[in-house]
Amino acid sequence: MPVVMDADRIARTLTRIAHEIVERNKGVDDLALVGVRTRGVHLARRLARTLKEITGDEVPTGALDITLYRDDLMRHAVGPQPLVRRTEIPFSIDDRKILLVDDVLYTGRTTRAALDALIDFGRPRGIQLIVLVDRGHRELPIKADYVGKNLPTAPDESVQVCLQESDNRDEVVLQGGAA
Amino acid sequence: MSAPVITKVDDIAAITSLRRKDLLGIADMAADEITLVLDTAEAMKEIGSRPIKKVPALRGKTVVNLFFEPSTRTRTSFEIAEKRLSADTLNIAIASSSVVKGETLADTALNIEAMQPDMIVLRHSSSGACHLLSRICRSAIINAGDGMHEHPTQALLDAFTIREHKKQLQGLKVAIIGDLLHSRVLRSNIQLLTKMGADVWVCGPPTLIPTGITRSGVRATTRVDEAVADADVIMLLRIQLERMEGAFFPSLREYFNVFGMTPARLRLAKPDVMIMHPGPMNRGVEISSEVADGPYSVILEQVANGVAVRMAVLYLLAGGAEHEAAA
Chain G
1 MPVVMDADRI
11 ARTLTRIAHE
21 IVERNKGVDD
31 LALVGVRTRG
41 VHLARRLART
51 LKEITGDEVP
61 TGALDITLYR
71 DDLMRHAVGP
81 QPLVRRTEIP
91 FSIDDRKILL
101 VDDVLYTGRT
111 TRAALDALID
121 FGRPRGIQLI
131 VLVDRGHREL
141 PIKADYVGKN
151 LPTAPDESVQ
161 VCLQESDNRD
171 EVVLQGGAA
Chain S
1 MSAPVITKVD
11 DIAAITSLRR
21 KDLLGIADMA
31 ADEITLVLDT
41 AEAMKEIGSR
51 PIKKVPALRG
61 KTVVNLFFEP
71 STRTRTSFEI
81 AEKRLSADTL
91 NIAIASSSVV
101 KGETLADTAL
111 NIEAMQPDMI
121 VLRHSSSGAC
131 HLLSRICRSA
141 IINAGDGMHE
151 HPTQALLDAF
161 TIREHKKQLQ
171 GLKVAIIGDL
181 LHSRVLRSNI
191 QLLTKMGADV
201 WVCGPPTLIP
211 TGITRSGVRA
221 TTRVDEAVAD
231 ADVIMLLRIQ
241 LERMEGAFFP
251 SLREYFNVFG
261 MTPARLRLAK
271 PDVMIMHPGP
281 MNRGVEISSE
291 VADGPYSVIL
301 EQVANGVAVR
311 MAVLYLLAGG
321 AEHEAAA
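Protein chains in written order, with this note's numbering: chain G, 1 to 179; chain S, 1 to 327.
Isolated chain S, as found in the complex:
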């Protein structure tokens, strides 16, 4: 791990700005920066409950949402967050862009950059796409998911939701079950949760467990009962059929029988367990409908909190990086 784990993680943030121009991943964030985003998101959440859900903080800033992959939740969430902060927003979707005419990602980005946006929110199917943009663009780059690499705002909203219920992240047993191999949500969550001192277990079919995953400070198992036992949080990951090339398990039905989250399996967890899912859900594959719609599910809270967390990220990055100001 690159960042030191600080012990009093839930104190009021000691810093008031992020040490970066872009949000590319959780891997290079320190625990105090994560805490700052979560604390700021708490203040942002209240704005969503006002009669006029808008503050003038990002007035005059232009944010481009550049989405090279289908997305409903994340794109909508970013757009609402931008509008609540009074930014001017522009959505560019793959189907209507010059990319279909053969333009490269770098050229697309430089052309958008020439129109002087302040921030670019990027979703791309290639891991590291946002790092490329970060090197060539003056605008702040926010990673809204890059290939199988990271999805930092999802991990931040997951942490925010857990913290709302459990007060802190430290010492919680978090079981993450599902398609581990293809999941950028997993990679960001492992980074975040281990930095904040949670006890992270990952579980899935052996074919979907990335090699060397235990080197990132988590425990891996193929036995779902072991992962779920006394868990404070159970996070289910979608079986990403669109990214699978080859047969990773015999059938979806067999996957559900062995790994699917059912009320019976849930009873092994702590009585106040939280059920989370980054969406979109495959009901009857990684999660049963009883669990998804049941009393332990916080899945729709995650979606609601996504707006507040993205407002916090947009606000904090809009001021630029502190180290650049000092340099």
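Just chain G, same shape as in the assembly:
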């Protein structure tokens, strides 16, 4: 299984994205990070730490569970329901610029669900999308504003993002495919 990003690469990438955030938004005023559970939350927290180091300012950080907004939730008449976890956004998103963070951008359906969920929390001034890996194969008109790595993949491959917080190591692995 090829490792496409190792721990150093992930760390450098997040630092670069943090600088891009500061450059594009001319600082971090009115910004807030919202990570999509599970690994998007870990990445959002890391970005918040890096932004603090760069600018000295705290960026509010929240966690979003998109399960109840999935478009495939009730498509199968009989089947196990995905596990719902807690959404924690302990600040008002009204008039803020929200940085939505996810680990992998693929079909865009998770991002669509996250956008709908966010809008139910208020009216942000804008939403920007941050992903660690963009693997292509979009099924919806969605594009990331900050991309850690563009990774061309085949549809039958899978991209596994492992992070210290949940997997005890930092790496991105490309799995499967017609080998």
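Just so you know, the hints here were simulated from the structure itself, not pulled from any lab data. Where a beta carbon is used, it is the ideal one built from N, C-alpha and C, also for glycine. A few of these clues could be false.
Here are the simulated distance ranges between beta carbons [to be verified]:
1) S:T16 / G:K149: 29 to 35 Å
2) S:A247 / G:E88: 51 to 57 Å
3) G:I54 / S:K166: 40 to 46 Å
Here are a few chain G residues that sit away from chain S, every Cβ distance over 10 Å (derived from the structure) [stated by the list, open to error]:
4) V22
5) N25
6) M74
7) N150
8) D170
Use these hints to put chain S onto chain G, whose structure you have.
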């Protein structure tokens, strides 16, 4: 007991769906299913604190609330839960239904079923009414109280409330005091609490203690001080005058003097005791107003948590049963 008691009951649920089409009672649920409902309810509770208290999870699903007995709390709670999940809801109350014209429960259910609902929430005065519907209906059946048998969502919301305060259910002394004989809340709570490893005591006048209750793994006493001593949780049950045929005790006033929960009796319990009541309360009968409105009371928290727990049950049952998918 039918289900094994697992030791690490408060871990993240190892399963992600219930092994059933219907929620008829706690008796046939396993501890991991109970934990899944409680964990899911934690996520659902947050939705109630949002500016827009609605998620699209059950969009396009139809839920019929079929209530053959008066109910304010439970019916309202289910209806709010259904609406927060974006289900279409329909309330059928006994007074306005064909039942008054002589239709049987089975015929009423089959007629409703013909209109393709996805779930039926049933409250009925006969024990086992929801089991009948479960056999004849394709829809998921949720028991909102059947006679003197079970009231599973009440026990689940009680457990949720206890877990919020005490972190876990295992090892807690829970004293349940009041009209034990007529209480479906008691039967569901005994099932749930013993499965999750709590030490359950029940207490009431000898005429209101069901025979053989100790076979369900609880301790029974007629001495309220013994039940309350060092209790972590005190749950009071309503004296159900409407279900009583005959004289079970001399007077309500005497009942209050012997069994009523007063500040003096409360001092025998642990310093961080929780006072619970499934409602509706008879103030001055099973509970004094000082206790009901006092600092240890979580009675209104129970009501608030009822919505989150019912959202969890509706969500988990909406996907159907896993074993059916595999079969």
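Consistency of the hints with the structure:
A C-beta distance of roughly 31 Å is found between T16 (chain S) and K149 (chain G), which places it inside the suggested range of 29 to 35 Å. Between A247 (chain S) and E88 (chain G) the C-beta distance comes to about 54 Å, which sits within the given range of 51 to 57 Å. The hinted range of 40 to 46 Å is satisfied by I54 (chain G) and K166 (chain S), whose Cβ atoms lie roughly 43 Å apart. Once the 10 Å rule is applied to beta carbons, V22 (chain G) is consistent with being away from chain S; the minimum gap is 30 Å.
Separation of N25 (chain G) from chain S is adequate, the least Cβ-Cβ distance of about 25 Å exceeding the 10 Å criterion. Once the 10 Å rule is applied to beta carbons, M74 (chain G) is inconsistent with being away from chain S; the minimum gap is 7 Å. With 10 Å as the threshold on Cβ separation, the claim that N150 (chain G) sits away from chain S holds: the shortest Cβ distance comes to roughly 32 Å. Every CB of chain S is more than 10 Å from the CB of D170 (chain G) (nearest about 23 Å), matching its label as outside the interface.
The structure fails to meet hint 6 from the earlier list, while all remaining hints are met.
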